[in-house]
Amino acid sequence: MKKNNYSRYREITGLLAGVLVLFIFMSFAAEGFFGWYNLHNVLKDLLILMVVASGMTLVILLGKIDMSAGSVMSLASIVTTLLLSYGFNIVFALLAGLLAGAIIGFLNGYLVGVLNLNHFVATFATMSIAKGLALVACNGDIISSDSDVLLFIGTGKIFGLFFIVWFAAILLIIMFFLSTKTKFGYKIYSIGGSEQVARLSGIKTSNVYLLTYVIAGVLAAVGGIFMSGKANSGNATIGDGYEFSVIATVLIGGTPFEGGKGGLLGTLIGAMFLAILKNGLSMLGFTPAWQYALIGLAILIAIVADVSINERRKAEEKRRIKL
Amino acid sequence: MDETILEIRNISKSFSGVPVLEDINMCIKKGEVHVIVGENGAGKSTLMKIISGVYKKDKGELFFEGAPVQINSVQKALSVGISIIHQEFNLLPHRTIGQNIFLGREPIKSHFLKTIDYEHICKRSKELLEYLGLDLDPRTLVYNLGIAQQQMVEVAKALCFESKVLIMDEPTATLTRKETAKLFEIIKKLRSEGVSIIYISHRLEEIKQIADTLTVLRDGKVVGSLSIEDASIDQIIRMMVGREIKDQYERHYHTHGEEVLRTENLGAKRFSEVNINLRRGEIVGLSGLVGAGRTEIAKTIFGEDAIEKGSVYVYGKKYNKMNTQRATRLRIGLVPEDRKEEGAIVEMSIRHNIIHAVLPRLFKSSVISKKIELSVASKYKEELNIKAPSVNKLVKLLSGGNQQKVVIAKWMCADCEILIFDEPTRGIDVGAKAEIYAIMSQLVGKGKAILMISSDLPELIGMCDRIYTLKDGKVTAEFSRTEATQEKILAACV
Amino acid sequence: MKRIAGFALNYYKIILLFAILSVSSSVTQDPLQNIKNMIMIQAPFVMIYSFGMTLAVITGGLDLSLGSVAAFSTCAAAFLIIKDQIFLGIAVCLLIGAGLGLLNGLLITKAKVNPFIATYGMDWVIRGAVYIMMSGAMIYHFSNDFKIIADGSFLGISNLVYISVAILLILMFVFQKTVFGRNVYSTGANTKVSRLTGVNTDLLIIIVYMISGVLASTSGLLYVARLDCAEAFLGKNFGLQALAATLIGGTSLQGGKGGVGNTVIGVLIMVFLMNCLNVLKVSTLWQDAVFGLVIVVSALLEMAKQRYANYLQL
Chain A
24 MKKNNYSRYR EITGLLAGVL VLFIFMSFAA EGFFGWYNLH NVLKDLLILM VVASGMTLVI
84 LLGKIDMSAG SVMSLASIVT TLLLSYGFNI VFALLAGLLA GAIIGFLNGY LVGVLNLNHF
144 VATFATMSIA KGLALVACNG DIISSDSDVL LFIGTGKIFG LFFIVWFAAI LLIIMFFLST
204 KTKFGYKIYS IGGSEQVARL SGIKTSNVYL LTYVIAGVLA AVGGIFMSGK ANSGNATIGD
264 GYEFSVIATV LIGGTPFEGG KGGLLGTLIG AMFLAILKNG LSMLGFTPAW QYALIGLAIL
324 IAIVADVSIN ERRKAEEKRR IKL
Chain B
24 MDETILEIRN ISKSFSGVPV LEDINMCIKK GEVHVIVGEN GAGKSTLMKI ISGVYKKDKG
84 ELFFEGAPVQ INSVQKALSV GISIIHQEFN LLPHRTIGQN IFLGREPIKS HFLKTIDYEH
144 ICKRSKELLE YLGLDLDPRT LVYNLGIAQQ QMVEVAKALC FESKVLIMDE PTATLTRKET
204 AKLFEIIKKL RSEGVSIIYI SHRLEEIKQI ADTLTVLRDG KVVGSLSIED ASIDQIIRMM
264 VGREIKDQYE RHYHTHGEEV LRTENLGAKR FSEVNINLRR GEIVGLSGLV GAGRTEIAKT
324 IFGEDAIEKG SVYVYGKKYN KMNTQRATRL RIGLVPEDRK EEGAIVEMSI RHNIIHAVLP
384 RLFKSSVISK KIELSVASKY KEELNIKAPS VNKLVKLLSG GNQQKVVIAK WMCADCEILI
444 FDEPTRGIDV GAKAEIYAIM SQLVGKGKAI LMISSDLPEL IGMCDRIYTL KDGKVTAEFS
504 RTEATQEKIL AACV
Chain C
37 MKRIAGFALN YYKIILLFAI LSVSSSVTQD PLQNIKNMIM IQAPFVMIYS FGMTLAVITG
97 GLDLSLGSVA AFSTCAAAFL IIKDQIFLGI AVCLLIGAGL GLLNGLLITK AKVNPFIATY
157 GMDWVIRGAV YIMMSGAMIY HFSNDFKIIA DGSFLGISNL VYISVAILLI LMFVFQKTVF
217 GRNVYSTGAN TKVSRLTGVN TDLLIIIVYM ISGVLASTSG LLYVARLDCA EAFLGKNFGL
277 QALAATLIGG TSLQGGKGGV GNTVIGVLIM VFLMNCLNVL KVSTLWQDAV FGLVIVVSAL
337 LEMAKQRYAN YLQL
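Residue numbers (our numbering), protein chains in the order written: chain A, 24 to 346; chain B, 24 to 517; chain C, 37 to 350.
Don't read these hints as lab results, they were simulated from the structure. Even glycine gets a Cβ: it sits at the ideal position worked out from N, Cα and C. Each hint should be verified, as a subset may be incorrect.
[As the list claims (entries may be wrong)] Each pair of labels, with its calculated beta carbon distance range: (1) B:160 to C:148: 33 to 43 Å; (2) B:156 to A:47: 52 to 62 Å; (3) A:331 to C:205: 32 to 42 Å; (4) B:160 to C:272: 48 to 58 Å; (5) A:181 to C:172: 38 to 48 Å; (6) A:320 to C:177: 25 to 35 Å; (7) C:205 to B:42: 49 to 59 Å; (8) C:208 to B:401: 21 to 31 Å; (9) C:272 to A:61: 28 to 38 Å.
[Unchecked claim] Below 25 Å or equal to it, Euclidean Cα-Cα: the simulated DSS-like pairs (lysine-lysine) are: (10) B:149 to A:204; (11) C:293 to B:394; (12) C:228 to B:344; (13) B:394 to C:213; (14) B:393 to C:213; (15) A:227 to B:137; (16) B:344 to C:146; (17) B:79 to A:227; (18) B:212 to B:187.
Using the sequences and the hints, build the whole thing.
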């Protein structure tokens, strides 16, 4: 297995080495970075990012994109906290938050997979729809919650580790299993590799698109609920621009836009990279405005690098494969 | 042996009103190799796509093992036992051989979780590969395979479906002679086990080797079916073309002028050390198998691909770097192989396309005059006999031949001195072919120079003054018009 | 039925325009004044940056960085304008717009990043840079000489209208009548063919993104003059609104089709729609959702038009 996936194997070790270098750099350069308290928080942020990014990974494996991830986070955050503030049961509120994510995901899947709209534009539009709905629902205000359960979701610990860490770990194991071992996962890779080939092999592509976008939507909602748990409040700007970090995470992890190759393992390393970078920058004393710009720049560089590497790889493939 | 497995009755199909197939009747027997031949555009591929469920038929019936079947999807065709290996492979490069063989029908280990039994996939794939005489690990990525091996994976895929009818669409087009021989062995092996094979080919010389029965298609109709013992190559050719083969390559040979183009040790991605030259008033051919580097040479001279080594001399001036803007300024024009993606902007009008290359020179002040534009475009439309009601018609609505004429008109309009034609007559009907040959003759008559790439040897020999042969990116020989024969050229190419 | 559907698909823009207008007019006390207000004051801003988007869409891409380009260039210029160096300020503003457009163009053509990702990423980076530059402050109280650009009027018609119409006419001329414009359309329709016909497609695309940047800074400048305030949040919605206006106006995302003329109607639809929601007392918080819906609907209309073109004999 290793021999044949050699290039992927090398890619992943290369990424890990990069993360390690960054980690060591931050440990020495940024005061307060290396220490259990901070690293535990980095781990938490990393896993929130990873949960959303694992949904995005599936979408990008399909050769598509989901711009609405950040807005779905905001929407889920608002829906959950709003229902809590109206006195609804916490379970009901959480489920409603997830359902909001599922609905936007379904809309994405329907526009992209069934109606064949341009995936960038379709999800960009649902992004503003979700954002707008969140704003309207909360009337632009921050909704504070007094739910202990929500607070526990965001900040509680089990056996010394954050609840989020346990929950995300289980979720990621499920996602990993889903994407590599199941029929559904196989279908995602097939469609991403070539939609035409997949169709000629009798795969109902529209169903796969729908389900994948729904999963991505629900996972984004989970991320949004985590975020509002951290603050124990709902905010319509909680996920603003988050989709950009998420997309970068996936790309850094070696799942290119063209789809059909890569996977969750790489995304996990990509998430490590971004989470360490984000935390390290703030530890280094950069103001939020600087962080905003620097991380944006880092992401843009990662994207440019990804594209140029893949351009070259594609040229190489064209030479070798008749497809 | 004489049992009919697949019967095709009165099948018709048309695309946007143009009939492509009319009343096709055919019988495929169990365990035979049934070859279907016909010129480009005769409807072979369309018929196969109907049988394999890719296209829906307009009319007619299919009978499988005596019973009528409705094949309305690829899935249905596969479940009945019909599978097809398309000209373009249906493989995913970044999945393993095993995953590709079982694509879309992976065995399930646990029904509850819908997990896939990858071990079983590998075991079964290994068996299939061994049966085909291939020593490959089913866990290898398809990305790492050569073309012939990829084709074998396609065959393995068909076997895995336990197909009773296997359709192969020009399987040998990109294979070497040795690989072809191996494929034929496998075809014979399959036949002996009762699998029927429908084999589409252009290469008449192959047919005698493997065919049991032969059906000739022409213009969407069956001209006739006959057993291979009764058929001679001459007879097949007559059936294919349906009329006497006249000398359609009308060339007047001129005295050649000065040299306009020369390459010196030119090298790039897929070729190296290429030295060719081109003079006014002559057509020079480039011959070679697909992948020998012909198109790449053309694109490098035209500046679309970068020159890595050597240089190009145009009108005696040396260039170590080239790009498409410089090439067009030097009055070089490229009529590319892929008409719709590289030749013409099909979403735009004939007028737009014809005027495209000459724009900056025609309107020096940079302001476009619609009147001049119309008159220039109309002039070339008349001159090249482009069949369309007006120059405002979109190119995508034209036939292949007329689209090609639009591309040629674009370069004529820009007054190109050096023209590169890459497979100029591919996918074009016979009538338009002759017109394009006439245009080419006329161009060299006016002192232009043409570099012509073609896979069609008779065409190349008929049109060219000189022919270079290529193999694996290197020039292997040069033949003058009088020396060139199909045998000599082929020998230099393989 | 067929005919009605075909008619509706062909003239949906006009129908939409009148439908929205009649709703808003039935609610307002002085519909004429309202319409005048929209056309004179609101539409010109939107129009100018939407033209930038339209041009980018014609090349087969799009420009989501309009808003941050407007914010960055005007904020930088505001430092000069507040010191009464108006012309220098305007020149700097437009130059920055062109420079940022150049970066977009380079990312798209040379680094081959998908235009959507490239401009969205640039939007993020530039916005971050504005935040750093302004560090939470605003610049306001400009001189009257500067404010007159947006506030003044001539023959009873606002300067804004003159400026936007002038830009419209120039763009229409350049993109419909010149070799450059023709080549931009060809490049948008099929970049490869255009390159293989000797067009310097990379250069053309870069120039178009530069024009788009300049248009974004122009409308930003007018906003600053009108509001008498330069701040880092300027233009948060430009990209979204411009994309909605462009698409509903009928410029196709496939590139090579449509034009700034279509976008005029698209902008009017958007402005009328916003106004309509306004007079109906719908919260402005609905804006984002409405923009999103308009984009989806126009993409669907475009698709329907293509898919049923034969059937409806359009």
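(request) Give me the numbers of the hints this structure contradicts, sorted from smallest to largest. (result) Per hint list: zero violations.
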